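Given chain A, put chain B in place with the hints provided.
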Amino acid sequence: MKSRAQLLAMQIAVAVVGIALWYALTTYPVFGHIVLPPFFFSNPVDVAAQIVAWFATGVIWKHLWVTLEESILAFVIGSCGGVMVGFWFARQPRTAAVFDPYVKMVNALPRVVLAPIFTLWLGLGIWSKVALGVTLVFFIVFFNVYQGVKEVSPTVLANARMLGMNERQLMRHVYWPSALSWMFSSLHTSVGFAVVGAVVGEYLGSAAGLGYLIQQAEGVFDVAGVFAGMFVLAAFVIVIDTVVSVVEKRLLVWRPVVEDR
Amino acid sequence: MPEGETTAAVALGDVSVAFRLAGDGRYTAVERASLRVADGEFVAIVGPTGCGKSTLLNVAAGLVPPSSGSVDVFGSPLAALNRQAGYLFQADALFPWKTALENVAIGLETAGTPQGEARPRAQDWLKRVGLGTFGDRYPHMLSGGQRKRVGLAQVLIRDPKILLMDEPFGPLDAQTRQIMGNLLLDLWSADRKAVLFVTHDLEEAIALSDRVVIMSAGPAARIIGDWKVPLTRPRDIGEVKLDRVFNELHREIWHRLKTEVIKGYAQAEGGV
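Residue numbers (our numbering), protein chains in the order written: chain A, 2 to 262; chain B, 171 to 442.
Just chain A, same shape as in the assembly (with noise of 0.2 Å):
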């Protein structure tokens, strides 16, 4: 209780320190110069202000609503279809040999090529966002239910059988589960894609959102709000990470827990 209540304190004093140097550098001159100037690294003071501006004048909640709508839409969608594809490629060697070369030129392709057509074909609304999320979310999905599917253990496989277990009841109680524990252990990996794919969406083109928040202070040389704007998304990225870390918790009851230190 005690280490915890200072590794706490550690971590509290790292931000302190960080904050407050980064104030007096901006602000105070060091040998007659200051290191650096506020016009390209803001200072903590005005940017909290323009935190608290936008949480006083409740502007933000539209602008993070909008991003984690996105992100859930991506994350639902993606791993909708990188669970169907994944069993699908699976079970059917044959279907998944034909489209192997396909499946790694798509995944090898930077996604961020991708927005400006995502844009041209859905719009400047949340669903090109969507679209470019799901594109990142759908591979780790499907490669981790891919793997699921394949890797379940020849032994319990035969004990599935010996038990008296049809097609169906294997996929069930055999398959589907090893698939799911496969794509959980890569829920943060894929959550946190949604929410790139959201973001950098937004910031390519959009009207609302953090990204277009962020895209907006930039446009005319605001550095508090992009400097604003990056610590709102570090926050919520944090909130939906310990969401999924709950949720991960929960779901892999049955997995053994790795002892951490």
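Calculated directly from the structure, the hints in this document are not laboratory data. Quick caveat: nothing in here was measured; it's all calculated off a predicted structure. Ideal Cβ placement from N, Cα and C applies to all residues, glycine included. Nothing false has been slipped in among the hints.
As a list, the in silico SDA-like pairs of lysine to any residue whose alpha-carbon atoms are at most 25 Å apart:
(1) A:LYS250 to B:THR303
(2) B:LYS268 to A:SER187
(3) B:LYS433 to B:TYR197
Listed below are several chain A residues computed to face chain B (Cβ distance under 7 Å; list not exhaustive):
(4) GLY165
(5) TRP255
(6) PRO257
Just chain B now, with coordinates in the frame of chain A:
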């Protein structure tokens, strides 16, 4: 059945099993093995490591089709999986995402027993293998011996006519093996199923079974010996090993087995 006696639970007739290796090679694991297990009989197969004992068991289970020869289960030829048999595997075979109770109940549920009926029966079986209070544990929370107990309950709850066991207690420590052996005999004596028990431990084989069958070193392993075990039941695994009859039989079988074990090692070291 040449002698026209009662139908055997499992009858292997001149069974050979060959596997195709990568490339053009073929590996003959078992060659012309014949074995009859009568209903209610406990037969142990002993042989050096890698002699194809498990392969023979998989043939009886219907998991591996023989390259030639016949497999009959209660008089009718085995076409696919052996539905009359329960199989206790050497490696961990429990479903890691199911609790102990769910693992035991699943064999009934797949056969169409409603959950409300299967669960209490599974709980009952957990109690019989000494894990009555462990129903909500997942396999990773159980020790190796406890997992084997769950495995035993998982197989026996379906009341198979034939029990196939592939070195089930191999990974356990000596004390746990002895306890598990006694538990197995205890459960088995309640309704005497036909048992085919594969092991590399001759002492375990004699202590448990009615008959001990010896296989030669692979490849192309054959059955080279068959001994009746004239020990009375019920037995206690620990005590029976002190019996004079046990020791004489052990010496006799070991004399035959030893040469095969040495051969097995020589082949393993020769890189065959």
